[in-house]
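A.B. asks: Read top to bottom, the protein sequences are chains A and B. The first sequence begins at 349 in my numbering and counts up by one. The second sequence begins at 1155 in my numbering and counts up by one.
The hints are simulated quantities; they were obtained by calculation from the structure and are not laboratory data. Do not take every clue at face value.
The calculated EDC-like cross-link candidates involving lysine to aspartate or glutamate, where the alpha carbons are at most 16 Å apart (straight line), are [unchecked claim]: (1) Lys1250(B) x Glu1281(B); (2) Lys1250(B) x Glu375(A); (3) Lys1379(B) x Asp379(A); (4) Lys383(A) x Glu1246(B); (5) Lys1276(B) x Glu1334(B); (6) Lys1256(B) x Glu1246(B); (7) Lys1320(B) x Asp414(A); (8) Lys1277(B) x Glu1316(B); (9) Lys1276(B) x Asp379(A); (10) Lys383(A) x Asp1339(B); (11) Lys1382(B) x Asp379(A); (12) Lys1381(B) x Asp414(A); (13) Lys383(A) x Glu1282(B); (14) Lys1276(B) x Glu1246(B); (15) Lys1158(B) x Glu1316(B); (16) Lys1255(B) x Glu1282(B); (17) Lys374(A) x Glu1246(B); (18) Lys1379(B) x Asp1339(B); (19) Lys1382(B) x Asp1339(B).
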Amino acid sequence: MTWTSIFIAGILTYFTRMSMVTIIRKEMISDNLRKILNYVPSVVFPSIIFPGVLLDDFGAFVTISDPKIFGAITALVIGFFTRNVILTIVSGLSSYWIVIFIF
Amino acid sequence: MQPKYQIFKIGIKDVAPHLLSVFPFGIIFGAIGIELGFSPLFTYATSLIIFGGASQIVFLQLLSGGASSLIAITSVGVINSRHFLYGAVLSEYLQKLSLIKKLLISYFIVDQGFAVSNQYFKKNPTEEFNYYHLIGSGIILWFIWQVSTIMGIYLGSIVPEELGLKFAIPLTFIAIIVNELRKFDHVLVMLISGLTATFFYNAPFKTYIIISPLIGLFAAMIINKLKK
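Next up, chain A with everything else stripped away, as it sits in the complex:
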């Protein structure tokens, strides 16, 4: 029963991956649509980032002094100026840990 559900979930997930790649032809994408598709990273990733930072494990708002908020702001600032992925992740994590373990 549950094994069947893994396979169905897997097939469903694979469908979300392959459908657009196999269906869409270049002629189907107008210049306007292409412009809008440019925003895909800018709409998908914040939809994961914001709740991940602003909400706790139970879906309630964290306080403004939460270490996640401090870590996220640090990562944003460092990332903005360095454009370096490792520095962004490391600075975010270390500032988050500083708040947790030192303060």
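Based on these hints, arrange chain B on the given structure of chain A.
C.D. replies: The following block gives chain B in isolation, referenced to the frame of chain A:
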């Protein structure tokens, strides 16, 4: 024109920094699966068959919490529906490929791989073998995800929970979007989708994960209309 293997390696190199957060997340996932009472084989099978971190956690949590398979499957489908958007963006660059290649590459489309390879495609749209970048980034992410899941399954919580390494996931996505922070319209669209996601977070079946990007895209459409 660069040889295929060269581009494959660039794909691996470009996505490598993100492994910093994918690796601990995989260990955490493996450990959670065992903690929730699933067998090592069952826990690992989700990494091989579903291959989508957040959706795998939700899937196992729902099943262990007594939810019906239908609810667990639906939630996986909703969480992973963001791949429709990735596929739509990538289709343009993969369209010259044979159907069989498209079907194989599709299995490897995940968040970080999509993000870095899409950036490479935008810079090298005419490179004949540019899709090898996506194969490179996808395969290394896949490999690390499989290995880290297995480590988490057998070594358990070697990553102490107090470290809060789940937080590495929002951070890896922050590292992706910083490239667009210098464009005002993108920042606006990010705020709209991010805040929408936060407010719809408790909507059933995790639908916030697809509702908010769609609202964000709608906002982008309006912004583009106004710019003209």
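A.B. asks: Next pair to validate is Lys1381(B) with Asp414(A); report whether the Cα-Cα distance is within 16 Å.
C.D. replies: violated, 38 Å
A.B. asks: Mind checking the alpha carbons of Lys1382(B) and Asp379(A) for me, to see if they're no more than 16 Å apart?
C.D. replies: holds, 14 Å
A.B. asks: When you check the alpha-carbon spacing of Lys1250(B) and Glu375(A), does it fall within 16 Å?
C.D. replies: holds, 13 Å
A.B. asks: Run the distance test for Lys1379(B) versus Asp379(A): straight-line Cα separation, threshold 16 Å.
C.D. replies: Holds: Lys1379(B) and Asp379(A) sit about 13 Å apart, inside 16 Å.
A.B. asks: Checking one constraint from the list: CA of Lys1277(B) to CA of Glu1316(B), max 16 Å. Satisfied?
C.D. replies: Answer violated: Lys1277(B) to Glu1316(B) is near 41 Å, above 16 Å.
A.B. asks: Between the alpha carbons of Lys1382(B) and Asp1339(B), is the straight-line distance 16 Å or under?
C.D. replies: Satisfied, since the Cα-Cα distance of roughly 13 Å is no more than 16 Å.
A.B. asks: Please work out if Lys1256(B) and Glu1246(B) have their alpha carbons no farther apart than 16 Å.
C.D. replies: holds, 12 Å
A.B. asks: For the pair supplied as a hint, Lys1320(B) and Asp414(A), confirm whether the alpha-carbon distance does not exceed 16 Å.
C.D. replies: With Cα atoms ~15 Å apart, Lys1320(B) and Asp414(A) stay inside 16 Å; holds.
A.B. asks: Hint check: Lys1379(B) vs Asp1339(B), CA-CA at most 16 Å. Holds or violated?
C.D. replies: Holds, at about 12 Å.
A.B. asks: Tell me if the straight-line CA distance from Lys383(A) to Asp1339(B) falls inside 16 Å.
C.D. replies: holds, 12 Å
A.B. asks: Has the given pair, Lys1255(B) with Glu1282(B), been kept, meaning a C-alpha gap of at most 16 Å?
C.D. replies: OK: Lys1255(B) and Glu1282(B) at ~15 Å, within 16 Å.
A.B. asks: Can the restraint linking Lys383(A) and Glu1246(B) be considered satisfied, given a maximum Cα separation of 16 Å?
C.D. replies: holds, 13 Å
This entry does not satisfy hints 8, 12, 13 and 15, going by the numbered hints stated previously.
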